[in-house]
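2 protein chains.
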Amino acid sequence: MQVDHLGIAVRSLAATVPKWEQLLGGRASPPEEVASQRVRVSFLDAEGTHVELLEPTDADSSVGRFLDARGEGMHHVAFAVANVTATLTGLSAKGERVIDRESRPGARGRRVGFAHPAAFDGVLVEFVEWP
Amino acid sequence: MQVDHLGIAVRSLAATVPKWEQLLGGRASPPEEVASQRVRVSFLDAEGTHVELLEPTDADSSVGRFLDARGEGMHHVAFAVANVTATLTGLSAKGERVIDRESRPGARGRRVGFAHPAAFDGVLVEFVEWP
Chain A
1318 MQVDHLGIAV
1328 RSLAATVPKW
1338 EQLLGGRASP
1348 PEEVASQRVR
1358 VSFLDAEGTH
1368 VELLEPTDAD
1378 SSVGRFLDAR
1388 GEGMHHVAFA
1398 VANVTATLTG
1408 LSAKGERVID
1418 RESRPGARGR
1428 RVGFAHPAAF
1438 DGVLVEFVEW
1448 P
Chain B
1318 MQVDHLGIAV
1328 RSLAATVPKW
1338 EQLLGGRASP
1348 PEEVASQRVR
1358 VSFLDAEGTH
1368 VELLEPTDAD
1378 SSVGRFLDAR
1388 GEGMHHVAFA
1398 VANVTATLTG
1408 LSAKGERVID
1418 RESRPGARGR
1428 RVGFAHPAAF
1438 DGVLVEFVEW
1448 P
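Top to bottom, those sequences are chains A and B. My numbering puts the first residue of the first sequence at 1318, with every later residue one more than the last. My numbering puts the first residue of the second sequence at 1318, with every later residue one more than the last.
These are calculated hints, taken from the structure and not from any lab test. None of these values were measured; they are calculated from a predicted model. Be a bit skeptical, because a hint or two may be false.
[Stated by the list, open to error] Straight-line alpha carbon distances no greater than 16 Å define the calculated EDC-like cross-link-like pairs of lysine to aspartate or glutamate that follow: (1) A:Lys-1411 to B:Glu-1338; (2) A:Lys-1336 to B:Glu-1338; (3) B:Lys-1336 to A:Glu-1413; (4) B:Lys-1336 to B:Asp-1375; (5) A:Lys-1336 to A:Asp-1362.
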């Protein structure tokens, strides 16, 4: 299973993108608003996977509350799967907690869905559908 | 720059390895003790990168204190570089905080070194040397 991206919560894309561009040696994608998650995101290429920087557009969003509770830092890891809804259904069937029961629109025009952190030892796991 | 691995802090390798093996569809490496970090670790392959599960061998280690403060979850991200000491020196020269000034022995017989989370927006970044 491939790591599609590592999601990092930040207070400001403008303030943080340049350092990650310097570390990873490339340009970040133009900020994209993901309405369903109330974030603006930019992706950076990391040779076979990506780093996603997430800035909340609403302090009361999931990422906004994460920043209040923990500060900036790693927020989630996303794995590429062929069918997000089937993956979430399979986890549920094993008794694992999920945040989403079916896929929903995510960044880059892809469908995504989240397991609950309790399902993976405190790690918020996202699944991203690659058609 | 390639993501060598994503490090996840857990209380028990024995209790958590099976679920990650099931998610990623492979077997974890046999637990290895990393004396310099007071952890036992297992690696799982994730198509071009890896997931590292870390169990502290000492409650007062860095990972042990992380678990007390935050519970299980994502602990660090590691990037593969040709020369860890040179990478750390370069960061320091730019005024960034580092935990290690030079590389030290890490898991899998590789030399490693850590930047300070303050250098990368709250993300603990490790560098791993691939000869």
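A quick look at each hint next to the structure:
1. A:Lys-1411 to B:Glu-1338: Distance ~15 Å between A:Lys-1411 and B:Glu-1338 Cα, so the pair holds.
2. A:Lys-1336 to B:Glu-1338: The given pair, whose Cα atoms are some 34 Å apart, is violated under the 16 Å limit.
3. B:Lys-1336 to A:Glu-1413: holds (11 Å)
4. B:Lys-1336 to B:Asp-1375: Violated: B:Lys-1336 and B:Asp-1375 sit about 24 Å apart, past 16 Å.
5. A:Lys-1336 to A:Asp-1362: Answer holds: A:Lys-1336 to A:Asp-1362 is near 14 Å, not above 16 Å.
The structure does not agree with the numbered hints 2 and 4 stated previously, though it agrees with the rest.
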